[in-house]
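Engineer: Start from the sequences, fold in the hints, and give me the full structure.
Each chain is listed here by its residues.
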Amino acid sequence: MAQTITEQIFSRRVGHDVRPGDVVVAPVDFVFSHDGNRPQPLETFRSMGGVQVFDPSKVAMFLDHAPNVHTPAVAEMHRRMREFAEEQGITLFPAGRGISHQVLPEEGYALPGRIIVGSDSHTCTAGALNLLATGVGSTDLAVAMMLGKLWFKVPPTIRFQLEGALPVGVFSKDLVLHLIALVGVDGATYRAVEFHGPAIGGLGMDARMTVTNMAVEMGAKFGIMEADDVTRRWLRQRSLDDSGAVDSDPGAEYEAVHQVDAGALVPVVAEPPTPDRVRPAADLGGVAIQQATIGTSANGQLDDLRAAARVLEGHHFAPGVKVYITAASQRAYLAARREGLVDLFLDAGAVIGTPGCSGCTGASGFGVPADGETMITSANRNFIGRTGNSLAEIYLASPATVMASAIAGSITDPRPFLTPSRSVGAA
Amino acid sequence: MSGRAQRFGDNVNTDYIIAAQHKAASLDVREMATHTFADIDPDFVSRVEPGDIVVAGRNFGCGSSRETAVHVLQALGVGAVLAQSFARIYFRNAINSGLPVFECDTSGIVQGDQLEIDQGRGIATNTSQGERLPITPLPPVMQAVLDAGGIVAYLRQHPDLTLPDLTAPGSTRADQPTTDTHPRGAVR
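Those protein sequence lines, which keep their order, are chains A and B.
Following the working numbering, the numbering of the first sequence begins with 2 at its first residue and continues without gaps.
Following the working numbering, the numbering of the second sequence begins with 2 at its first residue and continues without gaps.
Think of the hints as simulated: they come from the structure by calculation, not from any bench.
Take the hints with a grain of salt, since some may be wrong.
As the list claims (entries may be wrong) - With a straight-line cut-off of 20 Å between C-alpha atoms, the simulated SDA-like cross-links for lysine to any residue are:
1) A:K150 with B:H36
2) A:K150 with B:A145
3) A:K59 with B:D161
4) A:K150 with B:P160
5) A:K150 with B:P141
6) A:K150 with B:L164
What the hints assert, rightly or not - The following residues of chain B were derived to be distant from chain A, with all beta-carbon distances above 10 Å:
7) D44
8) E68
9) R89
10) E132
11) R133
12) R157
Beta carbons are placed, not taken as given, at the ideal position from N, Cα and C, and that holds for glycine.
Structural biologist: Following this line, the structure appears as structure tokens:
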């Protein structure tokens with residue numbers, strides 16, 4: 002029977018053919034939690050009578066949501082997590098190491114064909130590496146930590162067939178915002194979504210992870226890409242195993258197929274308060290901003306910082322605009338520093354955050370906007386109050402659009418800053 | 002169970018239920034609960050009474066996976082949530098934590114309506130308006146978890162996560178409360 006990527010991975014892992022709608026208990030290859038979880042999965046684990054996690058090499062914890070350790074409650078939570086990690090012999094990634102969704106692939110945990118659960122809704126990010134990764138709550142996470150398995154319903158799959166290539170100045174953030182607008186914020190609820198086509202083939206891994214990261218913003222359980230030459234090269238360069246790679250079978254059944262010409266897309270922003278309120282950036286030129294934030298699990302990778310730097314080179318921030326820039330991981334931060342990007346940002350007057358979720362939610366202890374301010378951010382959510390102040394307005398965009406807006410002082414299409422004749426700077 | 006409706010709209014995300022900074026300020030769910038819905042309904046905490054039923058439109062609980070968004074409602078004594086549809090993670094979290102969540106046509110329910118939920122018969126009754134609203138049955142696996150009082154209690158009875166009725170008809174919905182009953186489908 003022809004199967005989608007999701008159906009194949011589940012079938013392989015449970016030992017028999019599955020179909021959408023089937024309920025399965027499947028093994029999990031990697032399980033992680035973070036410091037934003039209340040309760041902590043470790044607490045639930047103990048209340049379930051958990052003594053030892055199923056396999057310490059397959060469980061990790063990340064101190065990424067509050068990397069500035071800015072309250073006593075956060076410090077206490079970090080202390081409890083460190084103690085649990087030591088007791089269980091599991092890896093704890095400390096504050097400053099970066100966001101789980103970026104560190105997971107960096108550390109070689111996200112391999113094709115795997116099943117990963119994390120206590121974070123953006124766990125689907127790892128699907129860019131051709132695997133099933135999904136967010137769960139603390140309690141499900143604790144079950145997975147204890148038993149090494151979890152029950153799942155095999156979801157139907159929606160296919161995005163993305164033709165053409167993104168034009169200069171249009172990024173994978175613009176692409177995924179467009180797709181979210183196409184189906185709506187619950188348009189893929191309880192579904193797996195697969196992203197295929199030459200427009201994906203033309204993207205590097207950093208850009209791909211922006212797309213799968215935001216699959217949950219349309220409600221999806223998994224966001225998945227096939228393992229193509231780019232994926233395999235990325236894995237081989239890191240001496241990682243690509244043998245579990247899976248592509249959808251010809252004739253696999255999709256609940257819906259959306260065909261999109263990526264070559265026709267333009268830079269966009271999502272207006273508050275939902276990620277599907279998408280409009281061309283050029284149409285919002287009258288919207289003044291007082292804050293610009295670059296980073297988060299959606300767009301804090303090295304290629305994102307490079308794109309922002311290319312826009313910034315030779316310009317300066319508009320008076321009165323605060324600019325906060327954070328690498329998603331320490332490795333991305335170090336690489337950006339080696340390329341001179343961090344100096345460029347600092348010289349321009351940006352505030353550099355601690356690698357991690359800095360500036361994403363109000364729990365990160367960084368980059369909270371003032372009452373009545375308007376901010377533009379490369380993050381994935383523009384909900385009221387998301388960044389810690391319900392009296393501020395949040396617009397979502399690519400790092401290039403965020404930087405162009407910081408330079409102009411109002412929402413701005415970045416393409417004039419990125420014409421091919423311009424120096425490509427550090428990138 | 003019965004209670005008064007506390008009415009909300011579509012796409013109520015978990016940041017609206019409990020904003021992230023309150024998780025960083027305290028580890029005590031009762032303290033966090035004093036900020037429930039603060040950004041979109043500042044009077045909610047003073048208005049809500051034990052037994053009240055939160056009523057919402059589509060996609061309740063979307064966004065972050067924070068399970069606190071279930072626990073603050075429980076800490077305030079909310080008896081159940083009725084919505085047109087739920088986001089996936091919230092739906093699982095609620096059942097895992099023993100908070101009854103049901104899908105039904107909530108469009109006619111207004112703030113303050115008296116509601117009665119008869120789980121066994123699968124009916125929510127809006128006694129203020131004399132309306133009977135069929136609720137979508139939970140899939141067997143989730144009904145079993147809810148009946149046990151949550152997944153912690155369920156695991157005490159089934160330590161190896163044995164699931165009920167995996168082969169029974171009707172077991173196909175699992176963590177999917179929204180099915181074809183919503184003709185809008187995936188394509189808009």
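Engineer: For the pair supplied as a hint, K59 of chain A and D161 of chain B, is the alpha-carbon distance within the 20 Å limit?
Structural biologist: Holds, at roughly 19 Å.
Engineer: So R157 of chain B supposedly isn't at the interface. Is its beta-carbon more than 10 Å from every beta-carbon in chain A?
Structural biologist: Non-interface label fails for R157 of chain B: nearest chain A Cβ at 8 Å, not farther than 10 Å.
Engineer: Holds or violated: K150 of chain A and P141 of chain B, Cα atoms, limit 20 Å.
Structural biologist: holds, 19 Å
Engineer: Given the hint that K150 of chain A pairs with L164 of chain B, does the C-alpha gap stay at or below 20 Å?
Structural biologist: holds, 12 Å
Engineer: Is the Cβ of E68 of chain B farther than 10 Å from every Cβ of chain A?
Structural biologist: It is violated; E68 of chain B is separated from chain A by about 4 Å at its closest Cβ, not greater than 10 Å.
Engineer: Hey, is D44 of chain B genuinely clear of chain A, shortest beta carbon separation above 10 Å?
Structural biologist: Correct as stated: the minimum Cβ-Cβ distance to chain A is 14 Å, above 10 Å.
Engineer: Verify the proposed pairing of K150 of chain A with P160 of chain B, using a straight-line Cα cut of 20 Å.
Structural biologist: holds, 12 Å
Engineer: For the pair supplied as a hint, K150 of chain A and A145 of chain B, is the alpha-carbon distance within the 20 Å limit?
Structural biologist: holds, 18 Å
Engineer: Was R89 of chain B rightly flagged as not at the interface, with every chain A Cβ beyond 10 Å?
Structural biologist: Violated, because the least Cβ-Cβ distance between R89 of chain B and chain A comes to about 5 Å, which does not exceed 10 Å.
Engineer: Below or equal to 20 Å on CA atoms is what counts here, so check K150 of chain A against H36 of chain B.
Structural biologist: violated, 35 Å
Engineer: Any Cβ of chain A at or closer than 10 Å to R133 of chain B, or is the non-interface label fine?
Structural biologist: Non-interface label on R133 of chain B holds, nearest chain A Cβ at 26 Å vs cutoff 10 Å.
Engineer: Per the stated criterion, does the least C-beta distance between E132 of chain B and chain A lie above 10 Å, as a non-interface residue requires?
Structural biologist: holds, 25 Å
The structure fails to meet hints 1, 8, 9, 12 from the earlier list, while all remaining hints are met.
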